[in-house]
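Chemist: Below, each chain spelled out in residue letters.
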Amino acid sequence: MTPFTCVQGRAIPLGRQNVDTDVIIGAEHLKTIQRSGLGRYAFGTIRAEPGNLFDDPAYAGAPILIAGDNFGCGSSREHAAWALADMGIRVVIAPSFSDIFSGNAFKNGILTVVLPQGAVDRLLAVAAELPLTVDLETMTVTSPLQDRFAFELDPFRRECLLGGLDEIALTMASEAAIRAYELRTGT
Amino acid sequence: MTAPRTLYQKIWDAHVVEQRPDGTALIYIDRHLVHEVTSPQAFEGLRVAGRRVRRPDLTLAVADHNLPTTARVDAAGRRLPIADPASAGQLSALEANVAEFAVPYIEATAAEQGIVHVVGPEQGFTLPGTTVVCGDSHTAAHGAMGALAFGIGTSEVEHVLATQTLLLKPSKTMEIRVEGTLGFGVSPKDLILAIIGRLGAAGGTGYVLEYRGSTFRDMSIEGRLTVANMSIEAGARSGLFAPDEKTFAYLEGRRLAPQGAAWAEAVERWKALATDEGARFDASLSMNAADIAPTVTWGTSPEDVAPITGRIPDPESFADPAKQAAARKSLEYMGLTAGDALQDVTVEHIFIGSCTNSRIEDLRQAAEIVRGRKIDRRIKQALVVPGSGLVKRQAEAEGLDRIFTEAGFEWREPGCSMCLAMNPDKVPPRERCASTSNRNFVGRQGPGARTHLVSPAMAAAAAVTGRLADVRELVR
Ligand code: SF4
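If you're matching them up, the sequences are chains A and B in order. Residue numbers 1 to 187, in our numbering, belong to the letters of the first sequence in order. Residue numbers 1 to 476, in our numbering, belong to the letters of the second sequence in order.
Just to be clear, a hint being listed does not mean it is correct.
[What the hints assert, rightly or not] The calculated lysine to aspartate or glutamate pairs, modelled on DMTMM-like cross-linking and capped at a C-alpha distance of 25 Å, are:
id	chain 1	residue 1	chain 2	residue 2
1	B	169	A	152
2	B	329	A	182
3	B	271	A	182
[To be verified] Partial list, derived from the structure: chain B residues whose beta carbon lies under 7 Å from chain A:
id	residue
4	18
5	22
6	28
7	87
8	136
9	137
10	154
11	159
12	198
13	201
14	301
15	422
16	441
17	443
[What the hints assert, rightly or not] With beta-carbon atoms standing in for the labels, derived distance ranges:
id	chain 1	residue 1	chain 2	residue 2	range
18	B	4	A	128	51 to 61 Å
19	A	9	B	111	51 to 61 Å
20	A	165	B	398	50 to 60 Å
21	A	187	B	2	21 to 31 Å
22	A	37	B	337	34 to 44 Å
23	B	77	A	9	41 to 51 Å
24	B	318	A	48	19 to 29 Å
25	B	398	A	116	52 to 62 Å
26	A	88	B	71	18 to 28 Å
Hint data in this document are derived by calculation from the structure and do not stem from the laboratory. All figures in this text were calculated on a predicted structure; none of them were measured in a lab. Heads up, the beta-carbon is just placed ideally off N, CA and C, and yes, glycines get one too.
All chains, please: the whole structure from these sequences, using the hints.
Modeler: So, in C-alpha cells, the structure goes:
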C-alpha cells in the first residue's frame, strides 16, 4: 500500500447522495481478474450525462472527490475502490460512507473523510474554483480561503495509511493467538 | 453473574482471538464462502506473497454471478462452453484457484450449485452462532440462521484466506421489533421493503440489526432469509434472527451440519444464543405487521418504497433538498410521473429469482398466483430462476415448473441471473422489470434498465396483468 501523508489538488464536487458501487463501477466491468485498469470505466452512467464533472478538463487528474451521504452503498465490490484508485483518487469526502466501502477504500490507500453536511457543502462550493489540501498528519481539510475542517479517523487505520502497512502481514504476527483460539474452541 | 447480552454480543465475544487496546479485535471467522467475482485478485495476492489458504476446510466455493442460466450440459451430459470469454475466464480462474489451494468447491454442473447465499444454509455450511463472511454484501442473509454474517471486500477475502480472521471494530446494535400477523397477500419481502423505507438506505450504517417480535418468530426460515438478506439495503452489514426450533428443524440432516451426538450438543449450545432478557440495544425501531401492505419501489434506491395502492411521490414532497434532487433524478431515470398510480405502471419484464427470493417457498407463492393463468401479452420476457439446483429439483417434483412454463415463463438453471447485469440475462435500456431481487440501482439489471422491487407473489401478479398490480385482488 502506498503511504499517505498529505494530498493537495482539485476536488471533484460531485455532491450526490447514495452513490452506490454499481454507479462507481458497473457490473459489466467486474469480470476482470486483475486490480488495475478499471479507472476508465468508473462512473460510466454519470459520464454518459452531457457536461458531467468527470469529463470536465478542470478536474482532470483530481485526487479528491466530494460526495453526499451514504457514498459507496450497495454491493461489496472492491472494484469500486480499485476503479477510484486507478483514476487517481486518494481521498473521498462525504457526510457518511457505507461500512464496506470505507473498509475497501482504506485497504487500497484511499482515505475516506467524514465531515458534517455543512462542511461538505462549503467544500463543494470552494472546490468548484480552488484546490483543497487533505492532511492526514494533522487530520484536517483546508482550502486557500482559510477553511479548516478537522476530521477523525480510527487510529489503526491512520497508522496503516501513514505507514503504508500490509494488514495481512500484521495479522500473521498474531499466529500464536490464532492457533491458541483454534485449540481452545476445537475449531 | 454476567450482564445481559444481545445475540450479537454473544457471538462477538465467543470469536475474539485478540483484543487490541484501540478497541478493535481480531475476530475468528468460522465459515468463508467464495465465488468467482470477488476472489481472483485475493488468490492472486496469496500467490504473489507465497501464502497458503490457512483453513480450506472452513471455506466453500461456488460460482453463481457469471453463469448463464441456460442449459449447462448437452444431451450427452458434456459441459457446454460459456460464450462470453470474460465470464468463462472468471469461472476458469476460480476452478484453477480452488484446485491450487485445495478449497472445497461445488462444480458449476452439480445439483448442489446455486447462489452462494442459498447454498450456504441449504448445505448446512451456515450454522447458528458462527461467523460467516463472503465477498458479497448480501452475506447478511445468513443472519437468518443466527450467524453473524457480513459481506467483505476482496482484500478482506484475501485476509480471511490467509489468516482465518478479520480485524474488526464492534458494531452498534439495533432492534427491529415487529409484532402481529402480516396481512393477507403480504410477505416478508414487503415487510423488509417497508422497514428499509422507514430506516432509509443509510439508516442502519454502523449497526447490526436484530429482528425481534412475534412476526419474525412466526416467520419461516425462507422468509427470514429474505429479510436478513436485505439488511444491507438499509446500510447494516448484518441482520440477525435468534436461532429457534424452526432453525434447528431446517438444518437437521443437512450435508455439512453436525450429525448424531454432535448435533444434539450443538442444538443445546445454540439455544443459549438468544438475546438475554434486559440486554440493551443502541437503537430500536418498532412496527406493526398489520400496517404493512404489498410494497413496491418507485425509484433507484431501495428506500424509495410505497404501498401498491399508492402513487408516485412528488419530489417536492420530501423535506430534504438533496432527497428532492435524488427523487427528481430517479423519476427521470425510471420514466415515471409524480402523482400517477403505481398500479397503472406497465412492465415488460418479470424476474423471479436472486438470493432474496429464489427459495422453494418463494416459488410456491409465485406459482400459486400464476396457476391456470397466462402472462400478459405486454410481457416480453418472464424468468423464473431457482436459487439452487436442489430448489429447482424440489420445485419440479412439486410440478411448479409446469405451472410457470404453461403460463409463459422461462424455467432456468440456478444463478444470479437478472439480479445483476453480469451474465446474459439483462433488462434492455428503458424497459421495465418487476423483480424479486434486492437492488433497484441505476443500471443494476442492465444499462438503462428500470427496476421495481417486489415480492414473488407481486412479481407473479405483474406477470399476469402486465402492470404493477395488487396481488390481493388476484388471490383466489
Ligand atoms: S443474486 Fe444478486 S444480490 Fe444475490 S449474490 Fe447474486 S448478484 Fe448478489
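Chemist: Interface hint check: residue 137 of chain B, Cβ to nearest Cβ on chain A, cutoff 7 Å. Holds or violated?
Modeler: holds, 4 Å
Chemist: Taking the closest Cβ pair, is residue 422 of chain B under 7 Å from chain A?
Modeler: Interface hint status for residue 422 of chain B: holds (5 Å vs cutoff 7 Å).
Chemist: Has the given pair, residue 271 of chain B with residue 182 of chain A, been kept, meaning a C-alpha gap of at most 25 Å?
Modeler: holds, 22 Å
Chemist: Against chain A, run the beta carbon of residue 198 of chain B and see if the smallest gap drops under 7 Å.
Modeler: At 16 Å from the nearest chain A Cβ, residue 198 of chain B fails the 7 Å test, so the hint is violated.
Chemist: So if I understand the rule, the pair passes when the alpha-carbon distance is 25 Å or less; does residue 329 of chain B with residue 182 of chain A pass?
Modeler: Violated. Residue 329 of chain B to residue 182 of chain A sits at ~51 Å, over the 25 Å cutoff.
Chemist: For the restraint on residue 154 of chain B, tell me whether the closest CB of chain A is nearer than 7 Å.
Modeler: holds, 4 Å
Chemist: Is the hinted range of 41 to 51 Å satisfied by the C-beta distance from residue 77 of chain B to residue 9 of chain A?
Modeler: About 59 Å separates the Cβ atoms of residue 77 of chain B and residue 9 of chain A, which means 41 to 51 Å is violated.
Chemist: With 7 Å as the cut and Cβ atoms as the points, is residue 18 of chain B at the interface with chain A?
Modeler: At about 5 Å, which falls below the 7 Å cut-off, the nearest Cβ of chain A leaves the hint on residue 18 of chain B intact, so it holds.
Chemist: The hint names residue 136 of chain B as touching chain A; please verify it with the least Cβ-Cβ distance against 7 Å.
Modeler: holds, 6 Å
Chemist: Starting from the hint 52 to 62 Å, judge whether the C-beta atoms of residue 398 of chain B and residue 116 of chain A obey it.
Modeler: Holds - the Cβ-Cβ distance for residue 398 of chain B and residue 116 of chain A, about 55 Å, lies within 52 to 62 Å.
Chemist: Should the interface hint for residue 87 of chain B be scored as holding, given a Cβ-Cβ cut-off of 7 Å against chain A?
Modeler: holds, 6 Å
Chemist: Honestly, do residue 165 of chain A and residue 398 of chain B meet the 50 to 60 Å range at C-beta?
Modeler: holds, 55 Å
When the structure is compared with the earlier hints, violations turn up for hints 2, 12, 23, 26 and for no others.
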